[in-house]
Amino acid sequence: MPYFVYRIENLPIRRLEKLSVFEVFKEASAFAKQQRASQTLPEGVIIKVIYAENELVAEDLLSQVREAPPRIGDDY
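If you read the sequence shown in my numbering, its first letter stands for residue 164, the second for the next number, and so on.
Keep in mind the hints are simulated off the structure, nothing from the lab. Here the structure is a predicted model, which means the values were calculated and not measured. No residue lacks a Cβ here, since even glycine has one placed at the ideal position from N, Cα and C. Hints may be right or wrong, so weigh each one.
The calculated DSS-like cross-link candidates involving lysine-lysine, where the alpha carbons are at most 27 Å apart (straight line), are [stated by the list, open to error]:
#: 1; residue 1: Lys211; residue 2: Lys196
#: 2; residue 1: Lys189; residue 2: Lys211
#: 3; residue 1: Lys196; residue 2: Lys181
#: 4; residue 1: Lys181; residue 2: Lys211
The calculated label-pair distances, taken between Cβ atoms and stated as ranges, are [what the hints assert, rightly or not]:
#: 5; residue 1: Ser183; residue 2: Gly236; range: 37 to 47 Å
#: 6; residue 1: Pro233; residue 2: Thr203; range: 31 to 41 Å
#: 7; residue 1: Gln197; residue 2: Asn173; range: 19 to 29 Å
#: 8; residue 1: Lys189; residue 2: Ile209; range: 12 to 22 Å
Turn these sequences into a full structure, and let the hints steer you where they fit.
Written out as structure tokens, the structure reads:
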């Protein structure tokens, strides 16, 4: 399965832009770090690496809203 690198804009709506695809995580990670360093990313924009079967699955996973992790004291 490939590693996809996406630019994600959260404001005003969530937009996904595929930047590249890699077969090896090390290459995908290096590319993502280079993209983060070479650009001044505006607020609400991130560069993310995701491992998925195909582009459709990758975009579905990136579009899902995740719950915040539990915090100390949340076990009442």
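Check the structure against each numbered hint from earlier and tell me which ones fail, lowest number first.
Of the numbered hints given earlier, the structure breaks none, since each of them holds.
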